[in-house]
Amino acid sequence: MLTISSARRGGCLVIVLAGRIDAASAKQLEQYCLEQIGNGEIRLVFDFAAVNYISSAALRVFLLVAKRLDTLKGSVKLSALNATLRDVFDISGFSKLFAITATVEEAL
Amino acid sequence: MRKPENILYGTGDKPPLQILLVLALQQMSFLGVYLVISPLFARELGLDPAQSLQLVSATLLASGLGVLLQTAKIFGIGSGYFCPLQATSSTFAGLILVKTHSGLSAVFGMVGVVGLAQMAFAWLFQRLRGVLTVQVAGLAVLLIGLGLGYYGIKLVLEADAGLELQQQGLLCALTLGTMIVFNVWSSGFLRLFSAFLGLLAGFIGSYALGAIPDGDWAIFHDAPLFYLPRPMNIGWSLDHHAILPAIITGLFLALHGFGALVAAQRFNDADWKRPDLQLVKQGILAEGLTNVCNSFLNGLPLTSSGGAVSLAASTGCTSRYLAYWLAALMAGIAFMPKAIVFWQILPLPVMGSALIFLASFTALSGLQVIASRLLDNRKTLALGIGLILGVSYEPVLRPFHQASAEALKTLLFSGVSLGVFVAVVLSALFQIRNHTREQRTFDAQHSSLDEVIVFLEQQGRIWGARPEIVRRAEHATWQAFEILTEHGLLDRQDGDSDKIRLQTIFNEYTFTVILGYSGKVLPLMTHPPSHEEMLNDEGAVLQMAGYLLHRLADQVRARHDGERCELRLIFND
Chain S
1 MLTISSARRG GCLVIVLAGR IDAASAKQLE QYCLEQIGNG EIRLVFDFAA VNYISSAALR
61 VFLLVAKRLD TLKGSVKLSA LNATLRDVFD ISGFSKLFAI TATVEEAL
Chain A
1 MRKPENILYG TGDKPPLQIL LVLALQQMSF LGVYLVISPL FARELGLDPA QSLQLVSATL
61 LASGLGVLLQ TAKIFGIGSG YFCPLQATSS TFAGLILVKT HSGLSAVFGM VGVVGLAQMA
121 FAWLFQRLRG VLTVQVAGLA VLLIGLGLGY YGIKLVLEAD AGLELQQQGL LCALTLGTMI
181 VFNVWSSGFL RLFSAFLGLL AGFIGSYALG AIPDGDWAIF HDAPLFYLPR PMNIGWSLDH
241 HAILPAIITG LFLALHGFGA LVAAQRFNDA DWKRPDLQLV KQGILAEGLT NVCNSFLNGL
301 PLTSSGGAVS LAASTGCTSR YLAYWLAALM AGIAFMPKAI VFWQILPLPV MGSALIFLAS
361 FTALSGLQVI ASRLLDNRKT LALGIGLILG VSYEPVLRPF HQASAEALKT LLFSGVSLGV
421 FVAVVLSALF QIRNHTREQR TFDAQHSSLD EVIVFLEQQG RIWGARPEIV RRAEHATWQA
481 FEILTEHGLL DRQDGDSDKI RLQTIFNEYT FTVILGYSGK VLPLMTHPPS HEEMLNDEGA
541 VLQMAGYLLH RLADQVRARH DGERCELRLI FND
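Just so you know, the protein sequences line up as chains S and A, in that order.
Quick note: the first sequence uses the working numbering, first residue 1, plus one each step.
Quick note: the second sequence uses the working numbering, first residue 1, plus one each step.
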């Protein structure tokens, strides 16, 4: 179960995620992000504070968003990852693709 | 082994000579507190001044030998850590019992048997890793800290040198305040000497306040400048009545040593996870051998000093070179009665303040060790009852001493040994019906991550696994569930639901999760797919999942027997 909400802060769209991002919810997240990018949001900050699980399918979504925003000269930042999620990004090599910050405030 | 940030000079580091000398003097200043114990015991035994001097001098000489054996780590004896030895009044009950039954010379024969018993228990401890767990080690360290603090408070408040309460409070504030100021607000070298500076400030304050009685100064003046201790000067004999009290005393000295040695390991390694029982064995062997030698020198039984270990850690130097200099200093002072007497005149509130300072570091370190593991009801009760009995040592002691048989009185050796003994016995008792593998079957299509988390956290608590290991196990297990269900690797059974059998095993060193199911073997990858593959190839997500599993767990094994498959995820704890 994944809950997604967002708010504009400091010129960025802060997307707050809560729950687990598994294969099923990854599709929901992908659709949401592409819609926001389609609406002209090219500076995204993801708040992971309330996320307890991320699967390989979800990693693909973040890769897709990063590539899309790269072509639009936008940016994507990930913040407030717990130790295990940070491990997943490090192990997969994805942490090199994103700016990762300890808090949302740091990312803005 | 990674050196903690607060340690300036670790076990293998060699500080400059002048720093080593002052640090050795600082350690000697602290351990000198325990020199008071020898004359106290001499008084209880009714020794004449010459015998009393022999006892104190021999005990100090043996302490020097013990420090050397403990640190040098030769022929499989010694832990290699800075872990000095000290005498303790806790052994008095057993020693006096033997003196009453068998005479004074049998007391020193008993010290030798205590040493041999310690060496025997050292071998046994190494084989008891199932009950001498991380939590029991944490309890031992916590109890050492609480015991030191309690003794410190007693010394501050129960001073009998005619001091007024305000004077006692002033000396305590001066000594403790100086230690705190230099330890908290100074850096580098001054922090190294914070305990010594505190003791120095306390001594100067005592002199200024006239807190050192004239009688004490007279003892200092009358003491000879040089004394040569001679082996078996007081006497040596072996009596069979001494064997049982000696074995019990040896057990509790070994348990006390276990606590101090674990504290030394903990203080020296930022990544410390569990006691190294091989080094604990070697450390207790060194203590035992020291007491065998000590027996012939006519000294008091010795055990590792948790306080000295804490002092080294709190001031930032645990170097083995410090141990060599301390050993030399102890051996030197053993021949100088005037120097020995110096510690007898230092006012008790000053000594007590030093103990309170050291106790804070030790007690909190023990708490950290205990809290580093998940605790189930069995562990909570074993540790909780051990802790309560350990801190209630004195009230427990009174009725027990009045009612029990003479030989059993040595059972209540010290708060540390009593608490650890009870925790070990209860841990062993709670092993009953606690060794079966836990297993639960999940419906792959309808189970949620929360159900898996609840099961694994429950297992983690039962086994006392570290929380971060359980988190990783949860993440990897759910990733495996997802691969199996999302990528069609499970066979349909009876046309309705798929079942995954989840089993956990914990053996103190590893937390293992085994997934059993019918279907195809889960593909494990040693390399991740490229970013391009992730974007363009649907199969790459499965490859990435296999790679994540391979990396999240410390070991992964997948195998099959016909349609029955097994995925084994092993996490080092």
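Incorrect hints may appear among the rest.
[Stated by the list, open to error] Heads up, simulated DSSO-like pairs for lysine-lysine below, C-alpha to C-alpha not over 30 Å straight-line:
1. 77/S to 27/S
2. 73/A to 27/S
3. 14/A to 99/A
4. 27/S to 520/A
[To be verified] Simulated coverage check for chain S against chain A, where a stretch passes if three residues somewhere in it have a Cβ under 8 Å from a Cβ of chain A:
5. 5-17
6. 33-44
7. 50-56
8. 98-107
Keep in mind the hints are simulated off the structure, nothing from the lab.
For glycine and all other residues, C-beta sits at the position ideal for the given N, C-alpha and C.
Verification of the hints:
no., hint, result
1, 77/S to 27/S, "holds (20 Å)"
2, 73/A to 27/S, "violated (61 Å)"
3, 14/A to 99/A, "violated (45 Å)"
4, 27/S to 520/A, "holds (25 Å)"
5, 5-17, "violated (count 0)"
6, 33-44, "violated (count 0)"
7, 50-56, "holds (count 4)"
8, 98-107, "violated (count 0)"
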